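Dock chain E against the given chain F, drawing on the hints supplied.
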Amino acid sequence: MGRLLTLVERSDEATAEVQRHVDVGAPGACILGITGAPGAGKSTLVGALLRHALGAGHRVAVLAVDPSSPFTRGALLGDRVRMSPGGLPAADVFIRSLATRGQEGGLSHAAQTCAAVLAACGWPWIIVETVGAGQVEVDIAATADITVVVLNPGWGDEIQAHKAGMMEIGDIFVINKADRPGLMDTRRHLELLLSSRGADAPDVSIVETVATGGQGIEALWREVMACKAVLFTRAPSLRRRRRLEHLLGDALDAHVAARMQRLLSSEAGAGAVARLDQGSAHLPELVDELVAAMFQPPDGTKPD
Amino acid sequence: MNEQRRILLAKTGLDGHWRGPSVVAKALRDGGFEVIMIGMTTVDEIVQAALDEDVDLVGLSIGGHVEVAERAVLALREAGIERPVFAGGVVPPWARKRLEAQGVEVYPPGSQLPDIVAAARRLTGLSAAQ
Chain F
72 MGRLLTLVER SDEATAEVQR HVDVGAPGAC ILGITGAPGA GKSTLVGALL
122 RHALGAGHRV AVLAVDPSSP FTRGALLGDR VRMSPGGLPA ADVFIRSLAT
172 RGQEGGLSHA AQTCAAVLAA CGWPWIIVET VGAGQVEVDI AATADITVVV
222 LNPGWGDEIQ AHKAGMMEIG DIFVINKADR PGLMDTRRHL ELLLSSRGAD
272 APDVSIVETV ATGGQGIEAL WREVMACKAV LFTRAPSLRR RRRLEHLLGD
322 ALDAHVAARM QRLLSSEAGA GAVARLDQGS AHLPELVDEL VAAMFQPPDG
372 TKPD
Chain E
111 MNEQRRILLA KTGLDGHWRG PSVVAKALRD GGFEVIMIGM TTVDEIVQAA
161 LDEDVDLVGL SIGGHVEVAE RAVLALREAG IERPVFAGGV VPPWARKRLE
211 AQGVEVYPPG SQLPDIVAAA RRLTGLSAAQ
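Chains as they are written, first to last, in this note's numbering: chain F, 72 to 375; chain E, 111 to 240.
Just so you know, these hints were derived from the structure itself, not from any lab.
Worth double-checking, as some hints may not be accurate.
Footprint (simulated), chain E over chain F, 3 or more residues, beta carbon under 8 Å [what the hints assert, rightly or not]: (1) 140-150; (2) 162-172.
Computed beta-carbon distance windows for the label pairs [claimed, not checked]: (3) E:128 <-> F:161: 18 to 28 Å; (4) F:335 <-> E:189: 36 to 46 Å; (5) F:252 <-> E:128: 21 to 31 Å; (6) E:203 <-> F:277: 19 to 29 Å.
Some chain F residues well away from chain E (every beta-carbon gap over 10 Å; in silico) [as the list claims (entries may be wrong)]: (7) 73; (8) 81; (9) 122; (10) 195; (11) 226; (12) 266; (13) 279; (14) 285; (15) 320; (16) 321; (17) 344; (18) 347; (19) 366.
All values derive from a computational prediction rather than experimental measurement.
Ideal placement from N, C-alpha and C gives every residue a C-beta, glycine not left out.
In isolation and in its complexed conformation, chain F is listed as follows (with noise of 0.2 Å):
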């Protein structure tokens, strides 16, 4: 499995190779996705729910993604520390810790199809932590069939809780580090954010939990096997044509953003950035070439 994500995480066309051999919409999997600010607690969370599901009877995989640097492309993955899974079978976790290498959006982009492969392998729960994030990295929710939003007390006002982006795509609320002062207030935030939200939006719980102690972790499983139960039984059809969706859209963003970077440094992107230079040329014409370069088929013949 190791050796797998490895070969995912690698290329591109090993990831095409994998996903021709596995079925990518993996109806019995569930993704659970945890975002949140650096250091809100995420990886202990994680941790913590990961023993409780393991004791539980559970079979748990977890991808754990921290930012990779821009200037060296080196990464300190950290993650794992707080997940020991403390002498729970082993055969029963996977624990993976990515990169974003270079993506923005707080995962990277192996880590959506190392959700799906194994999810396609079997693995009936996937955890997907993403890295530290704050308003607008909302990939996970694409990605993920839950999410969870983590937030601490004393975090942010309503004003903060009405900004658009993360506060949007949280389906259980998490407010970890419970113990601190503020918790009311943040809770009283959450809540009026929530009923301001309209009478057809789907129900959004907040669970108050202290991760380091355990405290509240048995009431968030609850709400995540609430919330799968319902997934599950209701159009689960659709949300396999979504996530379908989510998969076929960030394989195509791949695909061209291959292609583009590879004519970018070809001769044809060299002779477009010199024709700016000179003044010969504007930048939404050498666009719509380079767009007609890019999809022109291999013998050179251009489309109609």
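Coordinates of chain E only, in the frame set by chain F:
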């Protein structure tokens, strides 16, 4: 471009001496490696992490008990992981000999960070220059 190397850094000593491995981890990160840190762990957890994470190199921070490190290397090999292992920490000369007999490169206190990064590059099949 896709040849990103991954290193597992584990502490075999059951003490809280984090400074050494965290300094080494930062140097390796700045050297362009993806460094997966796991804290104080058992031999089984080191093997499991090396398998799940599919690393190219395993680094052990040894806190006095050379036997634990020796068992970790044996367990990695038994699990079919043939990746190189290097070690640092307080390793007396007699212990160093025993680890080197297992094929482990040892970097005792006083080792220079650039030398450790260079060793990581060499052991993972990269050229010496960054």
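How the hints compare with the structure:
{"no.": "1", "hint": "140-150", "result": "holds (count 8)"}
{"no.": "2", "hint": "162-172", "result": "holds (count 6)"}
{"no.": "3", "hint": "E:128 <-> F:161: 18 to 28 Å", "result": "25 Å, holds"}
{"no.": "4", "hint": "F:335 <-> E:189: 36 to 46 Å", "result": "43 Å, holds"}
{"no.": "5", "hint": "F:252 <-> E:128: 21 to 31 Å", "result": "29 Å, holds"}
{"no.": "6", "hint": "E:203 <-> F:277: 19 to 29 Å", "result": "59 Å, violated"}
{"no.": "7", "hint": "73", "result": "4 Å, violated"}
{"no.": "8", "hint": "81", "result": "5 Å, violated"}
{"no.": "9", "hint": "122", "result": "14 Å, holds"}
{"no.": "10", "hint": "195", "result": "17 Å, holds"}
{"no.": "11", "hint": "226", "result": "27 Å, holds"}
{"no.": "12", "hint": "266", "result": "42 Å, holds"}
{"no.": "13", "hint": "279", "result": "27 Å, holds"}
{"no.": "14", "hint": "285", "result": "18 Å, holds"}
{"no.": "15", "hint": "320", "result": "22 Å, holds"}
{"no.": "16", "hint": "321", "result": "18 Å, holds"}
{"no.": "17", "hint": "344", "result": "21 Å, holds"}
{"no.": "18", "hint": "347", "result": "26 Å, holds"}
{"no.": "19", "hint": "366", "result": "24 Å, holds"}
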